Amino acid sequence: MAINRLELAGVIATSTMKPNLKQKHLSNQIAQFILNNNLVDELGSIIRDVSAIRFRNGILDVKLLSAFEVEKTNLDEIKSLVSSYFPKVKKISIDQVIDTNLIGGIRLEFPSQLLDLSVRSKLNQLVRFTTKERINT
Amino acid sequence: MINNFATSSSGLGALGISWSAFVVQLITFVLAFLVLKKYAIKPIIKILDDRRAKIEQGVSLGDSMVKKEQELEIKVSQQLHQARVKADRIISDAEISAQTIIKEAEDKAVSKADVLIKEAKEKINFEANQLRRQLESDVISLISQTSGTILKKKLDSKEDQLLISKTLKEEQASYYGN
Chain A
1 MAINRLELAG
11 VIATSTMKPN
21 LKQKHLSNQI
31 AQFILNNNLV
41 DELGSIIRDV
51 SAIRFRNGIL
61 DVKLLSAFEV
71 EKTNLDEIKS
81 LVSSYFPKVK
91 KISIDQVIDT
101 NLIGGIRLEF
111 PSQLLDLSVR
121 SKLNQLVRFT
131 TKERINT
Chain B
1001 MINNFATSSS
1011 GLGALGISWS
1021 AFVVQLITFV
1031 LAFLVLKKYA
1041 IKPIIKILDD
1051 RRAKIEQGVS
1061 LGDSMVKKEQ
1071 ELEIKVSQQL
1081 HQARVKADRI
1091 ISDAEISAQT
1101 IIKEAEDKAV
1111 SKADVLIKEA
1121 KEKINFEANQ
1131 LRRQLESDVI
1141 SLISQTSGTI
1151 LKKKLDSKED
1161 QLLISKTLKE
1171 EQASYYGN
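One line per chain: the protein sequences are A and B, in this order.
Last residue of the first sequence: number 137 in the working numbering, and the count goes up by one each step with no gaps.
Last residue of the second sequence: number 1178 in the working numbering, and the count goes up by one each step with no gaps.
Keep in mind that the hints were calculated from the coordinates and are not lab data.
Some hints here could point you the wrong way.
Claimed, not checked - Cβ pair distances, simulated, as ranges:
id	chain 1	residue 1	chain 2	residue 2	range
1	B	Ser1174	A	Gly10	32 to 38 Å
2	B	Lys1166	A	His25	41 to 47 Å
3	A	Phe33	B	Ser1174	53 to 59 Å
4	B	Leu1142	A	Ser83	27 to 33 Å
5	A	Asp95	B	Lys1166	56 to 62 Å
Remember, predicted model here, so these are calculated numbers, not experimental data.
Backbone N, C-alpha and C fix where the C-beta goes; we use that ideal spot for every residue, glycine too.
Please model the entire structure based on the sequences and the hints provided.
Here's what the structure looks like:
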């Protein structure tokens, strides 16, 4: 029986929200299913859908990108900031990724939003604003 | 009586003139005169009169011809004068018209040149501005890249943690400020 992407995302999201989660076992099952059903190309969309479903259920998946490993104190501050942005969220899950292109600072990717506080972003902003000002004058 | 005269030793007779001969000669003369007058003098006079009339006619014709010639000369000279005046006017008009045409052509050429110069200036300014903007954009990008490279080299983990902390505080302040 064929299963569509949203249904699959729903099943995965529900599984990840169970209290007695066996992460490795679940990962293996999902990977096997995706490979068997030729859904590798849709993996990105599936992850986004899972995040969206989890978010609706009070779990926020945050992708944290930074040039260096973020220390615990800063992680707590990040969680605090995210909590203030999303007051209805019960649990915040942070996935940390190192990206040296950011130079410094952090970049937070939410299911449907983005908060870029990186040095690269500031430099890009500087270029954009300066160029825009020049064009307007 | 005639005999008296002839024989008389006084008067004409004394001069040797015979009255009878005289009378005969007189009559002959008169007759000859009359004949001559009728057949010679009159036609000659007529011929002379005719010739005179012809000559007078010719002279008067000549006079009238001279007069006519003078009138014709006057007329010709008047017409020549008028023609010259007309020609002068035409030449003058043509000169004025030519000058006007030249002036108009010059004005047109000048205005066209002005337009071309203006367009060229605008094009040059536009291209210069474009190049300036491109250059500024390139310089800004270069500055950004250079700044990025320098910061990448200078920024270590410790400093990055401080930067993150500071940024988060600013973000929070900004969020609560709003």
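Do the hints match the structure? See the list:
1. For serine 1174 (chain B) and glycine 10 (chain A), the hinted distance range of 32 to 38 Å is satisfied, since their beta carbons lie about 36 Å from each other.
2. In this structure, lysine 1166 (chain B) and histidine 25 (chain A) meet the distance hint of 41 to 47 Å, their C-beta atoms being roughly 42 Å apart.
3. Under the hint 53 to 59 Å, the C-beta atoms of phenylalanine 33 (chain A) and serine 1174 (chain B), about 44 Å apart, miss the expected range.
4. Taking the beta carbon of each, leucine 1142 (chain B) and serine 83 (chain A) are about 40 Å apart, not inside 27 to 33 Å as hinted.
5. Here the CB-CB span from aspartate 95 (chain A) to lysine 1166 (chain B) is close to 24 Å, at odds with the stated 56 to 62 Å.
Comparing the model with each numbered hint stated earlier shows that hints 3, 4, 5 do not hold.
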